[in-house]
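Novice: Chain residues, written in single-letter form:
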Amino acid sequence: MVPDTPLRLAAVQKALEDIVAPVLPPDADFAREQLALIVRSLALVRKQIPQEYAFHVHDAHDFSAFGSEVAACLPDAHPVRGELTQAIEDVRAIAPPVVPDRTALEQAVRALRGAIETAVQQAGEDAATLRAIGPVVLEHTRRQTLLERAWVADTGFDRDPASLPLPETILYSAGETPR
Amino acid sequence: MDSKQHPTREWIDALRLRYPTERTIDQALTRKLQARSGPPYVPSPVSEIATRLERFFAHAMPGARVSQVAPLGGGASKEQFSFTLAQPDGTEARHVLRREPPESVVETHRLREFQMMRAMAGTVPVPDAPWVDAEGQWFDRPAMISRFVEGVTKAPGSGGNVTGLGTGFSSELQDALGGQFVDLLARIHQFDWQSADLYAFDRPEPNSTAGVHQVINWWERIWEEDSFEPMPIIRYTAQWLRANAPPIERVVVIHHDFRAGNFLFDPATAQVTAVLDWELAHLGDYHEDLAWTLQEGYGYRDAQGRFIVCGLIEQAEFLERYERATGFPVDPRKIAYYSVMNTWKSAIIVLATGIRCVIGGKSHQDILLTWLAGFGHVCVDTLLQHLERAENGS
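In the order they appear, the protein sequences are chains Y and C.
For the first sequence, counting from 1, position 27 maps to 27 in the numbering used here; every step adds exactly one.
For the second sequence, counting from 1, position 55 maps to 55 in the numbering used here; every step adds exactly one.
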């Protein structure tokens, strides 16, 4: 996925700071104040986005533990005990046990993509291997491009946006082999 | 760690060796890499541009006066400023300064653009380009000055996305501009470049694939230099292009971005007033230009399913008129080959170089470049279709 969201926001922030802010009229105090807050909010969000999912998972584990401690203090027959226990189980059923480090994951996937790219490049120097590898590369590109197009459909460049699936219908089956 | 953001001399030298291409293209790409570790783009105050213009003209045209300096909108790849130049004899004219940002979505050589525009004057309407600062001696970064030409790239109120992509024309404008559009391309391709002062350009050997391989090297080197996220399809296509390269039978001037958005016309008379954006021009096979102009993303399909090239003229009419005007036969297999190559190049421009500019904060149009990445994925989808068609011979 290029550009990722933090990079997009960096470009937005830069355009506001470099291009828009200097041309605001000197007496537009309210607009200047709002723009300053927008820029600071963007800077904040850029730092937060990579950690946001981990924050949610942290909450899931932390509040599960906390809820269990609260439940342990309740008498067995207390009327809220069943509801509380069910809510804890609902969260535990969804929350992954460990959150991968997003930056490490991104780097590892990028390295894997690079290794595949190098393999394709070097194998492709031989005509027979190039023919053999072609269908595999094209089929994967077809799947990947469908996701990428769906991801950025709102930019308005796609010739057939109505045919695109919602990105989430592809993303939430990511654990399965997409065949 | 993204080592491409801090290129070593050894890495740059290895790339130059691995991907031999034209001399001045090599110079432009090498200069880009050597400056990559430097500071990001910071807009120059208009007063600074005015001072640089005044210093330049004190040298180039003593007695001339510069006034009304203002930034111009548009220009995805270069900064543009308009200004009025009063010459010592009292005549006044608006001009345009085109200056490179620290890194651009297309890294090109100002001397090439300058020479090609001067060479084409009189063959097709182009802005008069009297001055170039190819090494950035006067303007801090390489720059070129041309006369301002009146005209518009699209009719007021017409649709379209950024940079002229998907620009729509009324049927009246299609009737008036479609024929001119083809005839201008024909004149570019018929131009006698061998008699022109184009020393910045390498001349491909006719009836050989060497010139095609130079173009593949040019763009694969850019992918190697700029890509952030590896994409195996880009490498596969590079190898496919090498394996299937056709010889260049007739060497012509290739504009390389001949499409709606890159010419100006007078909305009152519907006459083309200037062909713009010569920065990617080179010498090669005319099918390369034809396939560029025929790209799906630049046109649309009408109610009958016919493809309207650049929103201006139906595809069959475009090709027939071109063949009549030039006498050059259009080979569908070469169109298929160059459709693969051009779509591949477009994907490299927006998904590698555009993103690399944003990572370094190097351009004046970072926000536009992130937006254009959406076009890149459409390019890859189109690339798939072109590869399959070329493989199947359909």
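Treat the hints with care, as some may be off.
Covered stretches of chain Y (chain C as the covering partner; in silico rule of three or more C-beta atoms under 8 Å from a C-beta of chain C) [to be verified]:
no.	region
1	40 to 51
2	85 to 98
3	105 to 117
4	157 to 163
In the SDA-like style, the derived pairs of lysine to any residue whose C-alpha atoms are separated by at most 20 Å in a straight line are [as the list claims (entries may be wrong)]:
no.	chain 1	residue 1	chain 2	residue 2
5	C	Lys4	C	Pro230
6	C	Lys4	Y	Gln86
7	C	Lys4	Y	His56
Calculated directly from the structure, the hints in this document are not laboratory data.
Idealized CB from N, CA, C, for every residue including glycine.
Novice: Against each hint, give a clear statement of whether it holds in the structure.
Specialist: Going down the list of hints, with the structure as the test:
1. 40 to 51: n = 0 at 8 Å, threshold three: violated.
2. 85 to 98: violated (count 0)
3. 105 to 117: holds (count 5)
4. 157 to 163: Our answer is that it holds, as 3 residues pass the Cβ test (under 8 Å) against chain C, meeting three.
5. Lys4/C <-> Pro230/C: Within the cut-off at roughly 13 Å; holds.
6. Lys4/C <-> Gln86/Y: violated (51 Å)
7. Lys4/C <-> His56/Y: Cα-Cα ~34 Å, so violated.
Taken one by one, the earlier hints fail for this structure at numbers 1, 2, 6, 7, listed in ascending order.
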